[in-house]
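With chain A fixed as given, assemble chain B onto it according to the hints.
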Amino acid sequence: MGLLSYVARRLALLGLVLLGVSMVVFFVLRGMPGVDPLAAYIAPGLPMSQDALASLRRQLHLDEPLPLQYVYYVANLLKGDWGYSRTAAQPVLDALLARLPATVELAVAAVLLSTALGIPAGIIAALRKDRAADVAVRVVSITGISFPVFWLGIILQLVFFYYMGQLGLPTLPSRGRIGDTIALIDPITPMTGLYLVDSLLTGKLAFFGSALRHLVLPSFALSLISLAAIVRIMRASMLEVLRQDYILLARSKGLPTRTIVMRHALRNAITPVLTTAGTTLGILLGGAVVVETVFSWPGMGNLAAQGILNNDSILVVGFTLFVATMMVVVNLVVDLLYAVVDPRVRY
Amino acid sequence: MRQLVQVVFALALVVATGAAHASNDTLVWDIAAGPQYVDPVMGTTAQANVMVLQNVYERLVWYDGPGTQPIPWLATGWEVKDGGRRWVFKLRKGIKFHDGTELDANAVKFSLDRSVLLDDPTGIGSFFPTGTAAPGILKGAWEFSKSFGAGKDYSQAAVDRYMAAGAVKVLDPLTVEINLAQPYGAFLSDMATFMGSIVSPAYVTKNWKKPTDPNAGHINGVTAGQRDEWMLSNASGTGPYILERYDRAAGNVVLRANPNYWGGPKGDIKPKLKTVVVRATLDQATRLLNLKAGTVDVADITTAAIFDVIDKKKWLDDKKIEPVIPGVAVPGSFPWLTVYFAKMNLKIKNPDGSLAAFQPFGDIRVRKAFASALDTADIRRNVFNGFAEPNSWGLTPAQFGYDPSIKPGYKYDLDTAKKLLLEAGKELGFGPDKPRDMVLISNATAPWQGYIATQLASNISKLNVGLKLDVKALSFTEYVNSWRSQLTSFSIHSSFSLTADPNPWLSAFGTTAGFWARTSSYSNPKADDLYKQQFQALDPKQRAKLISELMQTVNDDVDWVWIGAATAYGQPTFNPNVLRTSVKGFYYNPTYQGFYFPALWKE
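These protein sequence lines map, in sequence, to chains A and B.
By our numbering, the letter at position 205 of the first sequence is numbered 206, and the numbering carries on one by one without gaps.
By our numbering, the letter at position 30 of the second sequence is numbered 34, and the numbering carries on one by one without gaps.
The following block holds chain A by itself, in its conformation from the complex:
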């Protein structure tokens, strides 16, 4: 089977997944007894006449049977009309896309951080199996994942922003994506929407520095979600590879351990780690709600949190669909990347 037909098949599956998600989301939202879906379209307290309500209901097809409403809903989705968000005061899809780069930057940074920390830790744990270093790595990584993220975020803020500031030490920002006035002093032209990338491309180092400082705490807090998984998979996979005959051969040839691990074992052991990192990226793109809220990171998760507080169901549904889509797409990309990392994989 060729690569193209594989991609085509996966894309068809993507369609099915999204159809399923949209169905669940739609019928949970509209099928709830006693809930008038019209309420989601009206700002609370806004005086509207019965006539106006009735005409709005007709316009939104809310007077049709439920399955027919679903058809209208899907048709609108496909047209790019995901509804209007009261919270963002703009169409849902526009609102999400405008905040996508911030979320991507944060999630990618978190995944890079957790792989950068997780792979060496996993290797060390594997090489020192059941000894103190192994136990320490495992305890730390499990502890990390066990902390609620919002709590960890607050602790990071307290330590690196508040207490260090009180002691007169350099601090890290508690919120946001960029310094308050740096964008005025030395603005960048948005290209990708990723601040780090854009500022490097345009050579704005002050902007880059500010963006990086703002990224440290939230990406670290977020990376702990995936760190434990990456450490454990790296460790297991490395142990598995180290038991292989060719490693024994390498050892008997008298190669130094460093060469054996880095040259021969790592490349073979790393595939499952990449899968995990990829899936994690998908999860983090959607799961950054809490971290984005704690650190006022202006991404999609932050908006979704505001939407939940505002009873903006249209936005929350749109967010759910969007995240589901990204998740499937990211998984597809990861699967395709296998072929690059591991020459044995063919589609």
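To be clear, the hints were calculated from the coordinates, so they are not data collected in a lab.
Please note that a few of the clues may not be correct.
Said to hold, decoys possible - Result set (BS3-like, lysine-lysine): computed pairs, CA atoms no more than 27 angstroms apart in a straight line:
id: 1; chain 1: B; residue 1: K156; chain 2: A; residue 2: K80
id: 2; chain 1: A; residue 1: K80; chain 2: B; residue 2: K214
id: 3; chain 1: A; residue 1: K80; chain 2: B; residue 2: K213
id: 4; chain 1: B; residue 1: K536; chain 2: B; residue 2: K143
Here is chain B on its own, set in the frame of chain A:
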């Protein structure tokens, strides 16, 4: 490896060097939600929107410091003609918009016509008077917008009809005439809200895209019934601050002091803060931490967290606000524009729209009894933490016409409640031997409502008069649907207004077409008539008298239970703000509830 170490080291250096406290010419304000947009023709209940609008734009009339009577601002004065139907404003000379063009009568005409023609559903119509008793203010505006009615018409013909009605006329470059549909006593207060902001016509028109649809009605610069994408995130007014940068996705705003500001009506307004930064910081703990650390100067703090910043015991026992965080000041408490009340539905309906068989509140004795069974003093202390004052009508002391001598038609007295219910029960078919079930609803996301409903249910059930009350907490949408469609008998609410003028409130509670009255089928022709009279009254004294009479008439019908008028830190739509003690010059004006940045400075 060595290169890697170098890179890491360099990154660490970049990260470690950083800004700390805001400098003395910059004010940083952390707020839960940033502005959604900055176009003044759209209404909003978000504090950040309003704060940006009232510092970037100006109006014909506004307020002098904490004063609540509008004074000439962009106008030098006005004449009232034709018994209040025609208002002629003289404009100040030489005022410039941020884009460099000059303020003139044409800009006033453009701005007001724009707000009518753009006809945003959140906009002017929802705040300025609507309903049968008061069909709009600007001549022809009601016919164009039909308020929230069905069958909107945004054709060129409709636009031309509005323009021909002559709502706003340019008499000469510095004189503008505004024609009203009827005399309107609160016209100046309405013009003083942010919705009366004057925008630069040149700026709007330059960035406006002519509609491609030939049927879309428009004038140069405004497409009827359609939001102006550019003006949602850009601004050009005459105000003391210029919108320097607005990141809509992040909700952050940077305002810069206007170096060419004309100085205000007395010529003494000169912004001292060079830069004002408004940052959306959703998480309250982060806002509080930033405030403690001193990286922000102002932060909004919700009611739930008020006792993180002030001493609880001192407030509840001695009514004294004592900040507990060093370096943080808590101004207040202030009268606020929020009231808490309960409404009794005179016509309870079944889900299919037919009338329910049991209509307890059709009988005034039952209404009086329920109102008498609510211990509002207990609620003000325990639910609103003492940040609510007793009120005898749905107005707050911050508003024109508030009259403390008005008497409610009830007082907390369970014996009276019992007597009334036993009497009424004989006719309505309930009694100690013939028990009847009733349901009180509350919004599950607003626990304070649950407390009130539970108190009432327990008080009434205790009376043993044959009414068994059950409290049901509904999801927000169910709750709204339930009282909006009149499915429920008794519901609890808070109501908030952006204008300090009592008009919207008088209409809502007192007139047949009013929002709250309509959803409980309350109607009294005498009240309707009084409302109309006060609406048209131009003499404030006479208007106040009519308002008092209207309020007493409505109170005698006992359809509303007045629970309290919020003071700042009650439970307003806007979160109140706490400041660093280094921020000076703050004063409170209930008509706009927030900051006029030129008044502030830092020490």
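*Going back to the hint list, which numbers does this structure go against?*
none
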